[in-house]
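Asks: Make one complex out of these two single chains by using the hints.
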Amino acid sequence: MAIAQSPSASGLPYRWRRSIEAVLLPILALLVALIIFGGFCALAGANPLAVYGSIYKAAFGRWSAWQNTLIRAAPLMLTALCTALPARLGLVIIGNEGALVIGGLAAVVTALGVGTALPPLLVQLAMAVAALVAGGLWIMLAGALRHYRGVNETISSLLLNYIAIALMNHLVEGPLRDPNFVTKPSSYEIAELNWLGEIPGSRIHWGLLYGLVACVIAYGLIQRTSFGFAARAAGSNVRAARMAGLPVGQLTLAVCFLGGSAAGLAGMVEVAAVQKRLNESLVSNYGYAGILVAFVSRHNPLATVLVAILLGGILASGGILQRSHGLPDATVLVFQGIVFLCILASDSFYGRLPGFREG
Amino acid sequence: MAAEALGWWGVPLGIIAGTLRGSAPFLFVSLGECITEKSGKINLGLEGTLLMGAMSAYAVSYLAQGWLGPVWSPWLGVLAAGLSGTLLGLIHGWLAQQPRVNDVAVGIAMIIFGSGLAFFLGKPFIQPQAPPLPTFEWGSWSQLPQMRAALRVSPLFLLGVAIAPLLQWFFRATRWGLQIRAVGDSPQAARAMGISVFKVRLASIVAGSFLAGIGGACLSLYYPGVWTERISSGQGLMAVALVIFARWNPIQCLWASLLFGGAQAIGPAFQSVGIDSYYYLFNAAPYILTLLIMILTCSPQRTLAGSPGALGQDD
Numbered sequence: 001m002a003i004a005q006s007p008s009a010s011g012l013p014y015r016w017r018r019s020i021e022a023v024l025l026p027i028l029a030l031l032v033a034l035i036i037f038g039g040f041c042a043l044a045g046a047n048p049l050a051v052y053g054s055i056y057k058a059a060f061g062r063w064s065a066w067q068n069t070l071i072r073a074a075p076l077m078l079t080a081l082c083t084a085l086p087a088r089l090g091l092v093i094i095g096n097e098g099a100l101v102i103g104g105l106a107a108v109v110t111a112l113g114v115g116t117a118l119p120p121l122l123v124q125l126a127m128a129v130a131a132l133v134a135g136g137l138w139i140m141l142a143g144a145l146r147h148y149r150g151v152n153e154t155i156s157s158l159l160l161n162y163i164a165i166a167l168m169n170h171l172v173e174g175p176l177r178d179p180n181f182v183t184k185p186s187s188y189e190i191a192e193l194n195w196l197g198e199i200p201g202s203r204i205h206w207g208l209l210y211g212l213v214a215c216v217i218a219y220g221l222i223q224r225t226s227f228g229f230a231a232r233a234a235g236s237n238v239r240a241a242r243m244a245g246l247p248v249g250q251l252t253l254a255v256c257f258l259g260g261s262a263a264g265l266a267g268m269v270e271v272a273a274v275q276k277r278l279n280e281s282l283v284s285n286y287g288y289a290g291i292l293v294a295f296v297s298r299h300n301p302l303a304t305v306l307v308a309i310l311l312g313g314i315l316a317s318g319g320i321l322q323r324s325h326g327l328p329d330a331t332v333l334v335f336q337g338i339v340f341l342c343i344l345a346s347d348s349f350y351g352r353l354p355g356f357r358e359g
Numbered sequence: 001m002a003a004e005a006l007g008w009w010g011v012p013l014g015i016i017a018g019t020l021r022g023s024a025p026f027l028f029v030s031l032g033e034c035i036t037e038k039s040g041k042i043n044l045g046l047e048g049t050l051l052m053g054a055m056s057a058y059a060v061s062y063l064a065q066g067w068l069g070p071v072w073s074p075w076l077g078v079l080a081a082g083l084s085g086t087l088l089g090l091i092h093g094w095l096a097q098q099p100r101v102n103d104v105a106v107g108i109a110m111i112i113f114g115s116g117l118a119f120f121l122g123k124p125f126i127q128p129q130a131p132p133l134p135t136f137e138w139g140s141w142s143q144l145p146q147m148r149a150a151l152r153v154s155p156l157f158l159l160g161v162a163i164a165p166l167l168q169w170f171f172r173a174t175r176w177g178l179q180i181r182a183v184g185d186s187p188q189a190a191r192a193m194g195i196s197v198f199k200v201r202l203a204s205i206v207a208g209s210f211l212a213g214i215g216g217a218c219l220s221l222y223y224p225g226v227w228t229e230r231i232s233s234g235q236g237l238m239a240v241a242l243v244i245f246a247r248w249n250p251i252q253c254l255w256a257s258l259l260f261g262g263a264q265a266i267g268p269a270f271q272s273v274g275i276d277s278y279y280y281l282f283n284a285a286p287y288i289l290t291l292l293i294m295i296l297t298c299s300p301q302r303t304l305a306g307s308p309g310a311l312g313q314d315d
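Note that the protein sequences, when read in sequence, are chains A and B.
Letter 282 of the first sequence, counting from 1, is numbered 282 in this note's numbering, and no numbers are missing.
Letter 87 of the second sequence, counting from 1, is numbered 87 in this note's numbering, and no numbers are missing.
Everything labelled a hint here was simulated from the structure, so no lab data went into it.
Keep in mind it's a predicted model, so treat the numbers as computed, not measured.
Simulated crosslink set (DSSO-like; lysine-lysine; CA at most 27 Å straight-line):
hint: 1; chain 1: A; residue 1: LYS276; chain 2: A; residue 2: LYS184
hint: 2; chain 1: A; residue 1: LYS184; chain 2: B; residue 2: LYS123
hint: 3; chain 1: B; residue 1: LYS123; chain 2: A; residue 2: LYS57
Excised from the complex, chain B in its bound form (with noise of 0.2 Å):
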C-alpha cells in the first residue's frame, strides 16, 4: 500500500537507491584506472578484469560458503575477485610496456581474453545462488520497503569512498605517490632520478586491476547480486572516460562515480513507476552522459589540466 501512496516520488528515491548501489563497481575501477594513468600508462582492459573479478568473487563464495559459512565466503570471494584481477593486470603491465607494443590494443585483446575466460570458467556457476555480501540496514527505521532497499549500504561501497581521500592522500604525501606521478610525468627525468620505470608501472597497472576485481565483487556479491555474462555493460571502459571527467584527481572519481551510477539508475527508476517504453533509452543514459562530458572537457588545442604528462606516448 505504501509503495503506490510514493507514486512519483518513486523516481527520485529510485535514483537515489541506484546511485548508492550501482556506483560502487564505477568508484572502484575508476580509482584503479586512475592510479593506472598516473602512471602514464591506459589500461582499457579493465572492463575484462570487471568481469573476471565478478565471476571469481561469485565462485569463491558459492564453492567456499560449505568451509567458511555464508557470512565470511564472501569476503574471500572479495579477496580472489582481487587477485584475479592482480594476474590479469601482471599480463597486461608487461605487455603494455614491450617496445613497439600499443597500450590501447593491449586493452582491447585484454577486454577479450578476459571476458572469455570469465565466460568460460563461470559457465558452472551461472545457475547457483551464492552467498551474497552482508548490508548495513541504514534504512530499517522507515515503514516504505523502496527506503529500506535504498539505504541497504554495501560495505564495499563504504570502503570505495574511504580509498578515495587516501590515494589523494598517497599522491600528494607519499613517496611511493610521488615516484608514481613522476614516472606518469616524464619517464626520462623518473629514469634519471634512478626510479624504474617499468617496475613502478607494472606495479600501478596491478594495483589497479586489483581494484577493478574488487569492482567485479560489487556487481555479483553486492548488486544486481547474480553472476550473468551481461553482468557488466561496459562500466570498465567508462571508468577510463569517468577519470578523464575527474581530471585525474581520486576524490572526483568519487562524485563522478555517483553521478554515473545515478545515471544508470534513470531506467529502472522510470520503469518502477510503470514507464517503460524509453526504457532502452534511458539505460544508455550513462554512455550519452559519458560522450557529452568528454565533449564539453576536451579540447584538441591543449591536454587537459591535471593529465600525466606521458600519458599515451610512447617513451
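The following block holds chain A by itself, in its conformation from the complex (with noise of 0.2 Å):
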C-alpha cells in the first residue's frame, strides 16, 4: 500500500510501474469491495469482522477447508479460460455454463457407452477428449457466427447456455434417463471404475491438475507461441491484423474452440468427479462465476489459477455464512456482484493513481 501513496513510485521504470499498477489496483479493489459488503452484512444485521472471519476461516483456515476450495477452484480454471481465452482477441464469450453442461453430457454420454469395457484410464481420457470436443464446438459456434454472420457474440453464447441446459434436460428426462433414480430425473450412473479419483493424501480429485495444466497451457499459448501472438494482434486492432495478412477468422473459430473446450472438460470434471450421473445439479453457476474469475484475472489464465482459488474459497463459505450468520445462501452471489463492480470500477483508475500519472 505504501508504494502507492509514495513519490517515489514515479521514479521507477515506466514497465515496472505499470505491473505494480496491474496488481495494486484489483488488490484495492478487492479491499472496497470487503467494505462495501461489511456494510451490506451490517444492514443484513450481522457482525461484518465476524462474516470475514468465518469466510476465511471456511475458505482458507484449515487443510480440510482448503481442500473444498481447491475442489471448487478446479472447475472455476477451466470455465474462466472460456471468457478469457476469447477475451485477448477482443470478444466477450459468456457461453461459460452452456459449454460446461454440454461438456458434461459429452462426457456421461461417452463413459455410458463404453461401459467397462476398456481400462479406466483410456474411458477418462475418452471422456475428457469428447468433452474437449462437444464444449470446443459449441462456442465455437459462437465465434462462427461473428465471425460469417456478424451476430454479437456475447448474446449467441448466452442463448446457446440455455439451449444447452434444454438439451441436457431434455435428455435426462427421456432417453438417458435412470428409471430407478428418483430423486431427480437424472442419467445413468457413470460405472465406479471410471470415476475421477483423488489425489492421494486427500479428497481434491485430479480435476484440479487439469484446471492447473490447461491454465499454464493457455498462458504458454497466448504469451509465448505465434499463435497467441496473432490472436492478441488481432485482438488489439482488427483492421491492422488483416491488414498484415493475420487469418483473423481461423483465430476466432480457434480461440473459440480452446475457450469452449476448457469449459467443456470442466463439465467432464464436474461429472466425474462430483456428480457421477448427470442431471440439473450440474449446473451449479461455475459457469458465470468463470466470467467474473476471467475478467477479475484480467485475462491472463496464470492470474486466472489465484483467482479461481479465491473465489473458491468464497464459494466454499456459503454454507458457513447461513449456518453462522443467519445470511441467505444468495449473499456469496451478492459478494461476487460487488467484487465484479468494484473490479470494473478500478479500471478507470489506470495512470489516474497518485504517483502513478502518466506524463
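Replies: Below is the structure:
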C-alpha cells in the first residue's frame, strides 16, 4: 500500500510502474469490495468482522477448508478460460455455463457408451476428449456466427447456455433417464471404476490438476507462441491484423474452440469426479462465476489460477454464512457482484492514482 | 367437460393466452433496452433489473396489503419495482461511462449483483402469497375456462402497449427524444451542440431500467404471479436481441414481444393437451428463435439499418 502513496513510484521505470499498478489496483478494488460487502452485512444484521472471519476460516483456515476451496477452484479455472481466451481476441464470450453442460453431457454419454469394456484410464481419456470437442464446438458456433454473420457473440453464447441446459434436461428426462433414481430426473450413473479419483492424501479430485495444466498451457499459448501473438494482435486492432495478412476468421474459430473446450472439460471433471451422473445439479453457476474470474484476472491465465482459488474459497464459505450468521445463500452471489463491480470501476483508475499519473 | 371437447384447439388457444400473458415482461424490458441503446449504450444487466423488479414488487405488495388493502398494494409494488430498477440503472449508468470501462462487462456484473440482491432480499417472500394485480376479465362471455383464462388481460400489458407508440412519438417529435438520438448517433456532434453526453446517457439508462423493473413486476404480480428465484429465465437478456430484431423501433418492439411471448407459450400449450415428451425442447423455443433471428438479420459487412451510430463504441 505504501508504494501507491510514495512519490518515488514515479521514479521507477515505466514497465515496472505499470506492473505494480496492475497488481495494486485489483487489490485495492478487492479491499473496497470487502468494505462495501461489510456494510451490506451490517445492514442485514450480521457483524462484518465476524463474517470476514468466517469466510477466511471456511475458505483457508484449515487443510480441510483448503480442500473444499480447491475442489471448487478446479472447475472455475477451466470455465474462466472460456471467457479469458476469446477476450484476448476482443470477444466477450459468456457461454461458459452452456459449454460446461455440453461437455458434461458428452462425457456422460461417452462413459455410458463405453461402460467397463476398456481400462479406466482410457475411458477417462475418452470422456475428456469428448468433453473438449463438444464444449469447443459449442463455443466455436458462437465464434463462427460472429465471424460469418456478424452476430454479437455475447448474446449468441448466452442464448446457447439456455439451449444447452434445455438439451440436457430433455435427454435426462427421456433417452438417458435412469428410472431407478427417483430423487430427480437423472442419467444412469457412470461406472465407479471410471470415476475421476482423488489426489492421494486428500479429498481433492484430479480435476484440479486438469485446471492447473490447462491454465499453464493457455498462458504459454497466448504469451509465448506465434499463434498467441497473432490472436493478441487481432484483438488489439482487427483492421491492422487483416492488413498484415493474419487469418482473423481462423483465429476467431480456433480461440473460441479452445475456450469452449476448457469449459467442456470442466463439465467432464464435474460429472466424473463430483456428480457421477447427469442432472440439473450440473448447472451450479460455475460458468457464470468463471466469467467473473476471467475479468478479475484481466484475462491472464496464470492470474486465473489465483483468482479461481480465491473465489473457490468464497464459494466454499456459503454454507457457513447461512449456518453461523443467518445470511441467505445468495450472500455469496451479492459478494461476487460487488467484487465484479469494484474491479470494473478500478479499471478507470489506471494512470490516475497518485504516483502513477502519466506524463 | 368443455375442456375435453376443446381437444387440439387447446394448442392455438394456449399459445394465444400465453402470448397475452407472457409478452408483457418482454415488452417492458425491450422498450427499456430500446431507450438505453438509442443513447448509444448497451445494458445487459436488465436481467438483474428484471429480477430485482419482480422481487421488490412482490415484497412491497405483500408488506403493504395490510396498510393499503389488496387492491392498491400491488400498484405500490409496481412503483417499487420501477424505483429499484432506477437505483440499479444509476449504478450501471455511472459505471458504464467511466473511462476504459466496457459496458458489456458492467452489464454482466450487474446481472450477478442484481440477481444476488434479489435472491438475498427476496428469501423471506418465497413462501407467502402477495396480492396480485387486478385483471380485466374480457373472456367472461365464454363458457370455456381456457378462453376466460386467455382473455384475462393485465392492465400492465395494456400500459406497455400504450407506451410503445408514445415512445415512438417521443423519439421522433420531442426535443429530449432528439437529444437521445443525437447522443446515440454521434456523441461528438451532440457535444458540439452543447448537449451533455454523460447526463443524457445516464437519464436514458435510468429510464430504461425503470421500465425493466416494471417488467419484473409483470412477472411476479401478474404471470406467473409468484416470486421464485427462477422467475426470469433470461427474458432480460433476450430483450437485447429483441431490440436488434425490432431495429430499435418501439412499435416493432411491441410486435417482437408478442412473438417472443408466443414462442414461450409453445411448450406449456402442448403440455396442456398431453404432449410433454419434448417439453424442454419446446421451452428452448424462444432462445432458438432469438438465435435464428439474429443469424438472419445480422450481417458482417454492414451495420444494421436503424442502429444507433455510436452503439457499442468507445467515445
